[in-house]
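Protein sequence lines, in the order shown, are assigned to chains R and W. If you count by the working numbering, then the first sequence holds residues 1 to 330, one letter each, in order. If you count by the working numbering, then the second sequence holds residues 1001 to 1177, one letter each, in order.
I should point out that these hints are in silico values taken from the structure, not numbers from a laboratory. Any given hint might turn out to be false.
[Said to hold, decoys possible] Partial list, derived from the structure: chain R residues whose beta carbon lies under 10 Å from chain W: (1) Trp22; (2) Trp88; (3) Trp102; (4) Ala104; (5) Gly250; (6) Ala253; (7) Gln259; (8) Tyr328.
Note that the Cβ used here is the ideal one computed from N, Cα and C, for glycine as well.
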Amino acid sequence: MKEELFVSGRDIPFIDPVLHIWHWQIPLYLFVGGLAAGLIFFASYFYLSGKEKEYPIAVQVAPFLAPIVIVLGLIALLLDLRHPAFFWQLYTTIRLDSPMSWGAWTLGVVMPLSVLWPLTYIYEIRAYFDGKIKLAVNIIDWIIKLKNRYWVLEWVFDFSVKNRKAIAIINLVLSIVLGVYTGILLSAFNARPLWNTSLLGPLFLVSGLSTGAATIMWMAKDHHEKITFSRIDLLLIAIELFFIVHLFMGFLASTAVQQEAAALFLGGEFTAVFWGFFVMGGLVFPAILEILELIGYKIPISIPAFFILFGGALFRFIMVEAGQITRYLY
Amino acid sequence: MRYAMAMDTKKCVGCSDCVVACQTENNVPHGYCRDWIVENVDGTYPNLELELRSERCNHCDDTPCVRTCPTGASHIIEGGIVKVTHVECIGCGACIQACPYDARYFHPDGYVDKCTFCDHRVAKGQETACVAVCPTKCLYFGDLEDYNSPVSKVLRERKWKVNAPEAGTKPQVYFLI
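Whenever a hint applies, use it, and build me the whole structure from the sequences.
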């Protein structure tokens, strides 16, 4: 028997008995960060490889979602802070040791660039929504009107159109940094054994790219573009499954605290939700649907796309929730 | 200079005087504490062993809390004491997640708070509040680099352990066994 008691009335709210201080805000932010990274990555990549005409949705239209979801993520992050009036302190220093610091700076650069990119394609985005969503068309018309009225905006617009290639190159690099960062943020905490693995960076990147590809495939009109992103997504899901197996192999071969962390998923309280809903529902099931689609069955693309996005979000909620339960025991 | 603390698990009776002294000295809000007592029972009846520990921030040599702080609010002052600058803290919780000892908490005012090794008292040459009140004299505080400090002496004479050395933080609160 080993029993540990806090006899001095240690009842710190939100810390005891478990260190559960991050709620829905952090996983939501990690999800939209990954999604934005995926959208920006594919737009920049296919633009730079000269396939703008071949994949118009990926390059021209879908990236308009990136700044919207990033703003949602930033609002969630701000809500998470307990001392939010001091958030600007993030931008008074650069601390390379702290993933959260360079994450904040990456977001600070990605945010304006993610606005500039869809701005250069504003007429294409308008054409996409024309006759479909009236509100979106009205908002875009309003932005175009603003642009025509103020020379500063006009200049920003012209500047961005002229420098599309430069923006694409910076975006390509930053989108990967953003995608990896969402995982590294967690893996930097060695006190939480579930998070403390270097695999989390690549795993979150691949998962983020996969949700980005799913969104593009959902929005695409042209059959060729749908099929291409369906294929890309299948490949990313395969890599993700491979990483997940390796994640648990690593845990089981590691120290006692990491074995305990893995036990939460191998018979513990997160077993059903992780393997049932995330791995089966969010990865394997949409992958099967995509394969069926590729070999010729007629399946509405929105179904696998929805399940991939759902799985991506669920994965982050599970990891943040479970990670805060794991700890060193002494 | 390297401040450290030693705590005699054989002498402690678990009275919680150190906890109350800290709350009073540092104006810790009601319901919170910067140090706490752990009662550890090990073994099978009737061969049980009880260990009492007075725990607090370990003021580690390798500080994951300072490393993960995005603003530099968590910092190390002279003597290796880990402190938080309230007006630089944004309350993101990174340091709380980074600490293997759960030594940090959110102050109701939003910033992160923790044990300061009573640096305001130490600077005046006094002992920390918890050490000063301990009725069994089971707490020792001092400079590890000073050969004759109480903590250096007792660590030379006795066997000791630290909490979770496998976390790699090089903790500086020693438990005499």
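Find the hints from earlier in the document that the structure breaks and name them by number, from lowest to highest.
-> 5, 6 and 7
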